[in-house]
Amino acid sequence: MESTLDRNQAPAVELNQQINYILPERYETSHGIPVFLMRNESSEAVKLDLMFDAGSIYHDSPVAGLTAGLLLAGTPDKTMAEINDAIDDFGGYFNASVSADFAYLSIFGLNEITPNLVKLIEQALFTASFPEDELTQLKAERKQNLMVSLEKVSTLAQRNFQENLFKGSPYGRVTQPEDIDRVTRTEIIAFYEKHIKRGLRKINWVGNPTHAQLHAVIACFSRWENTVSLPSVPKPNPDNSKIKIEKKDAVQTGIRMGKILFDRSHPDYHKMTVVNTILGEYFGSRLMTNIREDKGYTYGIGSYLGENQANGYFVIATEVGNEFLTDTLVQINIEIERLRNDLVPEEELALVKNYLYGQFLRGADGPFSMMELFSAVEIHGLDYSYYRTALKTIHEISAEEIKQTAQQHLNPNEMLVVTAG
Amino acid sequence: MQEPMQQEYRTLTLKRKVPASAFYYAFKMSERKSEGYYMADLLSDEVGKDKSGKLYLSLKKEKSLVHEINAYILGSLDEGLFVVSGKLMPGKTFEALDEALWAVLNTFKTEPISASDLNRLRMKGKTSKAFQEQGLLNRAMNLSFFQLLGDANGINEEEGIYNAIESMHLQHYAQALFTPTNCSRLFIESEL
Numbered sequence: 001m002e003s004t005l006d007r008n009q010a011p012a013v014e015l016n017q018q019i020n021y022i023l024p025e026r027y028e029t030s031h032g033i034p035v036f037l038m039r040n041e042s043s044e045a046v047k048l049d050l051m052f053d054a055g056s057i058y059h060d061s062p063v064a065g066l067t068a069g070l071l072l073a074g075t076p077d078k079t080m081a082e083i084n085d086a087i088d089d090f091g092g093y094f095n096a097s098v099s100a101d102f103a104y105l106s107i108f109g110l111n112e113i114t115p116n117l118v119k120l121i122e123q124a125l126f127t128a129s130f131p132e133d134e135l136t137q138l139k140a141e142r143k144q145n146l147m148v149s150l151e152k153v154s155t156l157a158q159r160n161f162q163e164n165l166f167k168g169s170p171y172g173r174v175t176q177p178e179d180i181d182r183v184t185r186t187e188i189i190a191f192y193e194k195h196i197k198r199g200l201r202k203i204n205w206v207g208n209p210t211h212a213q214l215h216a217v218i219a220c221f222s223r224w225e226n227t228v229s230l231p232s233v234p235k236p237n238p239d240n241s242k243i244k245i246e247k248k249d250a251v252q253t254g255i256r257m258g259k260i261l262f263d264r265s266h267p268d269y270h271k272m273t274v275v276n277t278i279l280g281e282y283f284g285s286r287l288m289t290n291i292r293e294d295k296g297y298t299y300g301i302g303s304y305l306g307e308n309q310a311n312g313y314f315v316i317a318t319e320v321g322n323e324f325l326t327d328t329l330v331q332i333n334i335e336i337e338r339l340r341n342d343l344v345p346e347e348e349l350a351l352v353k354n355y356l357y358g359q360f361l362r363g364a365d366g367p368f369s370m371m372e373l374f375s376a377v378e379i380h381g382l383d384y385s386y387y388r389t390a391l392k393t394i395h396e397i398s399a400e401e402i403k404q405t406a407q408q409h410l411n412p413n414e415m416l417v418v419t420a421g
Numbered sequence: 422m423q424e425p426m427q428q429e430y431r432t433l434t435l436k437r438k439v440p441a442s443a444f445y446y447a448f449k450m451s452e453r454k455s456e457g458y459y460m461a462d463l464l465s466d467e468v469g470k471d472k473s474g475k476l477y478l479s480l481k482k483e484k485s486l487v488h489e490i491n492a493y494i495l496g497s498l499d500e501g502l503f504v505v506s507g508k509l510m511p512g513k514t515f516e517a518l519d520e521a522l523w524a525v526l527n528t529f530k531t532e533p534i535s536a537s538d539l540n541r542l543r544m545k546g547k548t549s550k551a552f553q554e555q556g557l558l559n560r561a562m563n564l565s566f567f568q569l570l571g572d573a574n575g576i577n578e579e580e581g582i583y584n585a586i587e588s589m590h591l592q593h594y595a596q597a598l599f600t601p602t603n604c605s606r607l608f609i610e611s612e613l
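Going down the list, the protein sequences come from chains A and B.
Residues in the first sequence are numbered consecutively from 1, following my numbering.
Residues in the second sequence are numbered consecutively from 422, following my numbering.
It should be emphasised that the hints constitute simulated quantities derived from the structure, not laboratory data.
Backbone N, C-alpha and C define an ideal beta-carbon position, used for all residues, glycine too.
Worth double-checking, as some hints may not be accurate.
Facing chain A, from chain B, some residues (calculated, C-beta under 8 Å) [claimed, not checked]:
(1) R437
(2) P440
(3) S473
Using the sequences and the hints given, assemble the complete structure.
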């Protein structure tokens, strides 16, 4: 092998735009909850993601996060420590988290122990008792985390941006420390009954089970249902003003700037992916080159296309030294206007296209990544053709189309600007 | 070239306008190619990984002294650091923390880890390793790293090394590791 490598020559760049997207096998529990199985034939590693319609939008106080945090905190006959020990004995791990829309419980382990591990966790989940002392401890921990976080200008800017961008919608709700104090065990149990026990949306499973293991695991979930009806969420009424939050003694200022856009089902979404990448999505982006490399105002600046179940949005985020705030905002506007008025040079466009092909390839590396790709589109009712269209759009897009897309969707006057510092 | 052996307990306390008081204990540990590295790795899981770690159970669940606490190892090829770090619960003192933390570390020097705990560590290690090898990029990186250490096949030998480690080995290793003269301690006190 080594003799064929000439280390004086950089390896040739070969970009593969043909990605083989693999469909998971689809099963159902007895109540019709989908179980997607992505085969992982080259390894014993297993991950099961249980996804519940139990995100933070379903309650106006921080009940969803606390519920998710206590899912494996005890049952009438097992303490949290006993449950943890039993999971450890199988060499298993778990992680619970919550987003605006969903709660997730991820289980990690090996094929041989999957049915036993899942049986154990399913039992603990289904009979979860939410012990008062564990709730008290978790509340104290969450409150302390939040208090620490509220000292950061990045958090202050982010929260205010979220509140104002999604004004009038549950996506715009933010938690205050005293909200955490007020959550009761009764509220948690009611939320759990409605959104966890009767809110299992789907199971994503990466592994290589035998026939018997497969059916044993699916049978574990025969007592789970989903009766949650998706909320009719009011459209946000964003406030496109300039908001300034004062934070005494802060050395930096957090900036969030953006607007409600559209989600990935919109015809211009892939074009916006290219526009966003050029502007601020990779290390060599225009925002990074100007505001970090050239001016030295920040360690990092980026722009993102985000989405939840109801909205897509665009945001630019950074923290800069206080004295650079005014010019940073000027430079951000210059970079947006440059995209709206000038054609992207050929060389830059070629580089961004190659970068994006690479990102798509890397995103498809192995069954775990493939499952994430599948789940991300499946949850929006889309399929793998989404990625094929994305690659095709990236391949075909011209500098003129990029300019038009930026003109249409990135008007700085339509953007909310929040600064905190 | 390695640093000369540390001879003294090094401590420093800083007062800063930071949102929480933080503590760091760093112990000098073995280089990557030695068996000690693997022992330190297992020991860090037992001492402070996730919610099963002994420090979490004692200092957080039982005594509510800390808001968060973790143990982990840092090191690539040369001698590295075994680090215990975390944040104090508001209202608790560094003195109380220090006493409780050394008490937990000292148990690893005086008592061997139970057979069931050791088995758990091995099982969890097996799972972690399976996950570290996911994806072509990770496999290529791991193979290159072992080749850099001297032999790409080393990647296949790790499980054997972990399985050969017994409670007694971990106890001996803890005795050398968890001594004040091998430790540098930093407290950062919040002035807010």
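Verification of the supplied hints:
Interface restraint check: R437/B against chain A, minimum CB-CB distance 12 Å, threshold 8 Å, status violated. Nearest Cβ of chain A to the Cβ of P440/B: about 4 Å, under the 8 Å cut. The hint holds. A cut of 8 Å between beta carbons decides the hint on S473/B: the least distance to chain A is about 5 Å, and the hint holds.
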